[in-house]
Structures are given as C-alpha cells and as structure tokens.
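Student: Construct all of the structure, not just a fragment, from the sequences and the given hints.
Chains as they are written, first to last, in this note's numbering: chain Z, 235 to 564; chain W, 865 to 1271.
These aren't lab readings, by the way, just hints derived from the structure by calculation. Ideal Cβ placement from N, Cα and C applies to all residues, glycine included. It cannot be assumed that every hint is accurate.
Said to hold, decoys possible - Calculated cross-link-like contacts (lysine to any residue; reagent style SDA-like; alpha-carbon spacing at most 20 Å):
1) Z:K406 - Z:V389
2) W:K1084 - Z:Y535
3) W:K1074 - Z:D525
4) W:K962 - W:V903
5) W:K1099 - W:T1041
6) W:K1084 - Z:L467
7) W:K942 - W:D1200
8) W:K1198 - W:P1158
9) W:K962 - W:T946
10) W:K1256 - W:K907
11) W:K1045 - Z:A524
12) W:K1098 - Z:Q366
13) W:K907 - W:G945
14) W:K907 - W:D973
15) W:K1099 - Z:Y501
16) W:K1198 - W:E935
17) W:K975 - W:T939
18) W:K1224 - W:P1248
19) W:K1253 - W:A1210
20) W:K1228 - W:S1254
21) W:K1069 - Z:R521
22) W:K1074 - Z:G532
23) W:K1123 - Z:Q366
24) W:K1018 - W:D1243
25) W:K1069 - Z:D525
26) W:K1084 - Z:Q350
27) W:K1066 - Z:Q366
28) W:K975 - W:A993
29) W:K1074 - Z:R521
30) W:K1242 - W:G1125
31) W:K1099 - Z:L467
32) W:K1066 - Z:A523
33) W:K1099 - Z:Q366
34) W:K1245 - Z:Q366
35) W:K1074 - Z:L467
36) W:K1242 - Z:R521
37) W:K1098 - Z:A528
Stated by the list, open to error - From the derived model, a few chain Z residues whose C-beta atoms are all more than 10 Å from chain W:
38) I237
39) L325
40) I375
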Amino acid sequence: MDILLQQIINGLTTGSVYAIVALGYTMVYGVIQLINFAHGEVVMIGAMVAFTVIMAVAGAGLPLPPVVIVLAGVLAAIPVCMAIGYLLERLAYRPLRHAPRLAPLITAIGMSIVLQHLALLVWGRDPLAFPQIMENASFVIGGAAISSVQIGIIVLSVAMMAGLTWFVYRTKFGIAIRATAEDVRIAALMGIDANRVIAATFIIGAALGAVAGVMVGTYYGIAHYTMGFTLGLKAFSAAVLGGIGNLAGAMLGGIVLGLVEALGTGYIGEFTDLCQWPLVGDALAERCAADGHAVLFGSNYQDVFAFLVLILVLVFRPSGLLGERVSERA
Amino acid sequence: MNQSVKVLSLSVAAAVAMFGCGKKEEAPKPAAAPAAPAVTVVKIGHVGPLTGGIAHFGKDNENGVRLALDEINATNPKLGGTPVKFELVAEDDQADPKVGNTVAQKLVDAKVAGVVGHLNSGTSIPASAIYNGAGIPMISGASTNPAFTEQGFKGVFRVVGRDDQQGPAVANYLISTAKPKTAAVIDDATAYGEGLANEVEKSLKAAGVKVLPREKGTDKTVDWKAVLTKIKGKKPDVVFYGGMDATGGPLLKQARELKIGAAFAFGDGGCTDKMAELAGAAAEGLVCSQAGIPVQAAGKQFLDGYRAMFKMDPIIYSPFTYDAAKLLVAAMQKADSADPAKYLPALQAIDYNGATGNVKFDEKGDRKDAEMTIFTMKDSKITPLAIIKSGKSLTLDEYAALGTAGK
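Tutor: Written as structure tokens, this is what we have:
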C-alpha cells in the first residue's frame, strides 16, 4: 500500500510538470494550429538560465534562504524564455503563417535544433549539476516519502493552472485569445490585434515552460542541453492525450501520463512475472526455483507506456480525452 | 537533417581545401621550395560522443589523443626517412551505434592510419567490423564489454580491462564489505551497462546473493523514482547500477530521497567526481569501479601535459586514449611505416611503458594483466580504495611504489 501511494506521489510530480509544459503546446496549437516543437527547448533554456543565476547568487555568499535563491533563478528564467518565445513567433513562424502547414512544422523542428546547439555553445556539453541548496526534507505519509521539492512542484503547478484558467476565461485578453482561436479573421474584423494575441500565447507558454524548466532542474538536480527533447515529446503526447487545443485537456493529459508512467513502471514487472501464473509458472518451475522470478516485461518499458496509452486513446477517442474544441470551430 | 548539414559542410570544406592546394602548386614560392622537405600527413582517427548526455567523457578521451599527438609532433617524427605529421581526425558518434557506423565509414574513407575509440561498447562493437573490413587497427581506451575483442578481428585492441574482470571485482568488493543477502541490479539498456550488470549479477548469484528481477532505464533516463520505489518495496541490501554518471547521479539522489538505505555501487561510467555534484550529499559512500588505474596514478608527464593544455583535470579514461594514440605511433615507428598492414604485427607484439603502465596485448587484443580499481566517494571526491593487479589488492601508495606508470 505504501508502495502504491509512493508511486502515485511520483506520478503526480512528473505529471504536474508534463501538464505545465503541455499547456505551452496546446495554447499555441489552439490559436494557430501549429505544433511548436521548439517548446521543449524553451523549457531547457529556462532550466539553464536559472542554473546560471542560482549558481551566481548562491556563490555570492549572501545569507539568503534557499527558496529565495531558487526564486531568483525562476524570475530570471521567465523573461528570457518569454523573449525567446516571442522571437520564435516573430522571426520563425509569423513569416510562414500563410504557408502550407508543413513549412512551419519543419521550421519548428529546425528552431528546436538551433536552440539546442545555442545552449550547447553557451552552457557546454557537460551535464550541469543543479546546486543542491534546497534542503530536501522528506516527509513520510503513510509509509511514502514526499520531499519539499515535490510538494512545491505540485502546489505551484496547480496554482499556475488555476491562474491560466482564470486568465483565459475571466479577462478581456483571455476572451481575445479564445476569439482568435475560433477564427483569426473574424476576430481581426472585431478589432482584435491577431498578431498580438498569437505572440501572447507564445509568451505565456514560454513563461510556463521556464517555470517547468526550473522545476525539473531542482527536482532531478541536473540540467543538460538535450533535456528538452524527451520532456517536450512527453508533454506533447500529454497535450494530444487530453485533446490538443484544449487547456483542461492538457492538464488532465499531463497528470494521467505521469500516473500511467509511474504505475506502469512500478507494476508491469509484477503482473508479467510468469512464475505466479498457473500454467506457465509450472513450465518454468526450474527457473522460478533458481531465480525466484521470470519477468516478461520490465521497467525498460517505462517510456513505452506513455506512447502506448496515447495510441490506445487515439484509437478509441481520436480527439483526445476531453476532445479538441472542434465543436466551437464548426 | 543534422547529418546532411554535416556532409554538406564537409564537402564544402573539402572543396576549399582542394582549391587551396591547387593554387599552391600553380604558384610555388621559389625561395621556400628547395629548403623544406615535404611533410607527409598521417591521419589518426578518434571517435567518441562529443554531443549528448555523456559528451564530457567523449571530450576527455579526445583530449588524451590530442595531447599525445601534439607531444609526438613536437619530436619531429620520421617514418621511412621522411618527416611526418600526425593529424587528429576527431569524430562524434553521439554514443549512438548507427551514427558510430557512419563516422567509422567516414574515417575509413578519409584513409586514417589507425583509430582510437570508440568510447561506448555499444558503438565500438559494430564499428569494429567496418575498421576490420578496411584493415585499419583500432584501440579503444574505454570500451569494456567482453564481446568487443571476442569477434576474432585481428586489428581490434583495448587498453582498459574487460567487464568480466570489472564485474567480479566490484561484486566481490560488495560481498566482502556489505555482506548482502538481497541485491537489486539496474542498467541503462546499453551494450555497456547491460553487459556489466550481467557480470555483476553473475558474481553476486555465484556467492549466494538473491538478485531481484533486473530493472532498466535508458541512457537518457533521469526519472528513476518509479523504478526505485519498486525496489524499495523489496528491501535490497545493495543496489548496483550499470550506466553513466549523467543518469546515475539522479538515480542516487532520488534513492536517498525515497529513503532507500542500501549500499550503492556503480561501474566505471558512474565513477567520476561529477557524481558528487549530481547527487549532492547522497553520493557519499558510493562504491564504484574503473577498468584501469585511477587517473591520479597516471604518469606525471601526462597529468602535467593535460592540465597545461586543457586547463582542467582529466576525467577518467584520457590516460588510456593517450596511451592508445602513442601505441599506434610506436608501432608505426617500429615498422617504419604508417601502412596498417605493415605496422599491425608490431602493434600486436608491442611492449610499451605508457602513462597507464606497461601495455602488452594478448592474442585477442585485450590488455594483458589489466588493473581494476575500486573507489569510494569521500568528501565529494572519488577516492581509490584498492587497485587490483594480478589478483592482488594494492593501495594507491603501494601501486605508486611499483613505479610501473612512471612514464
């Protein structure tokens, strides 16, 4: 039981990060139907910038509490990522807005490579060890350990999701975003500056990505110029899983993906241990007696679960768990 | 896409180079022509991951070769009576077997006289078939998987030990110190990580230790919490991980966060000072092994040269790639030729005192009497506990007293 609880805590933590990154994908897709493959790299840059600032502040020897130092890193990463998000849209995607859809998609992959190699030049090829300044106190609840960093990640993610939802559904600019998402040309006729709205979705997504980058950095204690790729891919899957273009879908998709990964990795080995199966177990009796186990699928399938679930959902619900907002567009 | 850009830039570079040469021939400077005799360029290839999660290992290995060739060129070497200049052709295999084969073919096409590398067993093994087909000798300074030299290829060598020596060494150390009843073994699903983990598991089982079902990640995994949680439920006394430091650091950190109290041991890929940075306080007490002597015990000429040239300390296997490059050249000088067919017999029969001690090869191409070192993480530095040589366990001082790596 404590193991199950522990896996749920693990899954919620990674799931929260996926959700925050997935929001960046889904917002941009919702407005201009572009999959911004460079978003994972924006998250990586966020982690890298925060790393530099945290190292500098921590190295200065000021008597600051660790939370403040990490916060300084976050506050530095956000504007840098926002600027990158804006530049991506302005320089790479806006000139291609009316081009065939494949052109901006390839450009997005290109920008992802450019950003990765820029980071390689600036921060080098070594894995950067995030300074372990946060006192990582673990609390034990029902036999499961939860660290202060994990609590921080979950709480902050929920707060950011709530904040974004309020922004999109309760403010005037949010209405503009939703109007643009529905139809760019009609929204423009109603006096909405579409360029501004589209740029804003990139900037907001990038700001969320920056925070996610710092979360990942402090949680795993490592930052590397290639870290954005897998994270981006998982978050993109989460967005598709929930229904791309749908904010609530991205959040749900992220959490579901995190939980599926943790529980899948944790339990597939036990379910596929052939020794406990009645007929096969007898056939393998010799090996089972010697080793005590004969596992068919192990934890090496960790990364497969995410995509397996994605495929299953897409087979049975092509528009994702909560559905793309096609009805609004029709 | 990446690849095509590389190929394009390469062909542009080649075109520029050809153009440059042609021009020189058309208008030779009359004064300089008779004085300086033509210098023949001998190309030595090096391959390792220069990008990706373990790029720091690859660069360290490349630095070793670069330093060796620099030192050799400074002595104005001659082969067959003509002065030669050794030129490094450094390639990046991204620790990916597919890319490894591509760059191996590239080196063959560039007509390198010999290759130092690759780093990962997973790329060295497939690439060795390509070099073997072209008759080009290769010496790896880091690939420890036994299969590498078991293919019957004549020109395949390594200057580090094998995992069927390393695995038992680290396993026996664990058995004698931690006296485990149950052990968990994790690997990163690479030829190196899995191979080493298999060797460790074999030794643990032979000693009557119960080994849990194998857990696996990838060479890019940083989230080990799910795997570790599962292990935690089984309460092992020791945990062994076959993988590199970039994945091992987070693994160790997360294990302590989950309050797993077991003793942890890593292989050579996770045996660097970087572990202390990546895992913080959790790294203290880690046991790890290297398939050779520790860098501190490498020859002084190498250590001084490395620090002066690269303004940093060597990480792990650069003394071995340094020796590998010098071995290639020593064999060429002995045969007085850079032709692989001519110098290969000299390389097989070589008896050379390098930065890592005396090097001789057995008939498979493995280093005879290779050392193994067991380390522990103490005050954020990996500290050698014992150097295992010819079945005997020596301390660092005792090893230094032997004076084998003096050069």
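Student: Hint by hint, note whether the structure agrees.
Tutor: Going through the hints against the structure:
no.	hint	in the structure
1	Z:K406 - Z:V389	violated (27 Å)
2	W:K1084 - Z:Y535	holds (14 Å)
3	W:K1074 - Z:D525	holds (8 Å)
4	W:K962 - W:V903	violated (35 Å)
5	W:K1099 - W:T1041	holds (18 Å)
6	W:K1084 - Z:L467	holds (13 Å)
7	W:K942 - W:D1200	holds (8 Å)
8	W:K1198 - W:P1158	violated (29 Å)
9	W:K962 - W:T946	violated (38 Å)
10	W:K1256 - W:K907	violated (40 Å)
11	W:K1045 - Z:A524	holds (15 Å)
12	W:K1098 - Z:Q366	violated (28 Å)
13	W:K907 - W:G945	holds (18 Å)
14	W:K907 - W:D973	holds (12 Å)
15	W:K1099 - Z:Y501	holds (16 Å)
16	W:K1198 - W:E935	holds (18 Å)
17	W:K975 - W:T939	violated (24 Å)
18	W:K1224 - W:P1248	violated (24 Å)
19	W:K1253 - W:A1210	violated (26 Å)
20	W:K1228 - W:S1254	holds (18 Å)
21	W:K1069 - Z:R521	holds (14 Å)
22	W:K1074 - Z:G532	holds (18 Å)
23	W:K1123 - Z:Q366	holds (17 Å)
24	W:K1018 - W:D1243	violated (44 Å)
25	W:K1069 - Z:D525	holds (9 Å)
26	W:K1084 - Z:Q350	holds (16 Å)
27	W:K1066 - Z:Q366	violated (36 Å)
28	W:K975 - W:A993	holds (16 Å)
29	W:K1074 - Z:R521	holds (13 Å)
30	W:K1242 - W:G1125	holds (17 Å)
31	W:K1099 - Z:L467	violated (34 Å)
32	W:K1066 - Z:A523	holds (16 Å)
33	W:K1099 - Z:Q366	violated (27 Å)
34	W:K1245 - Z:Q366	holds (16 Å)
35	W:K1074 - Z:L467	violated (38 Å)
36	W:K1242 - Z:R521	violated (40 Å)
37	W:K1098 - Z:A528	holds (16 Å)
38	I237	violated (4 Å)
39	L325	holds (19 Å)
40	I375	holds (12 Å)
When the structure is compared with the earlier hints, violations turn up for hints 1, 4, 8, 9, 10, 12, 17, 18, 19, 24, 27, 31, 33, 35, 36 and 38 and for no others.
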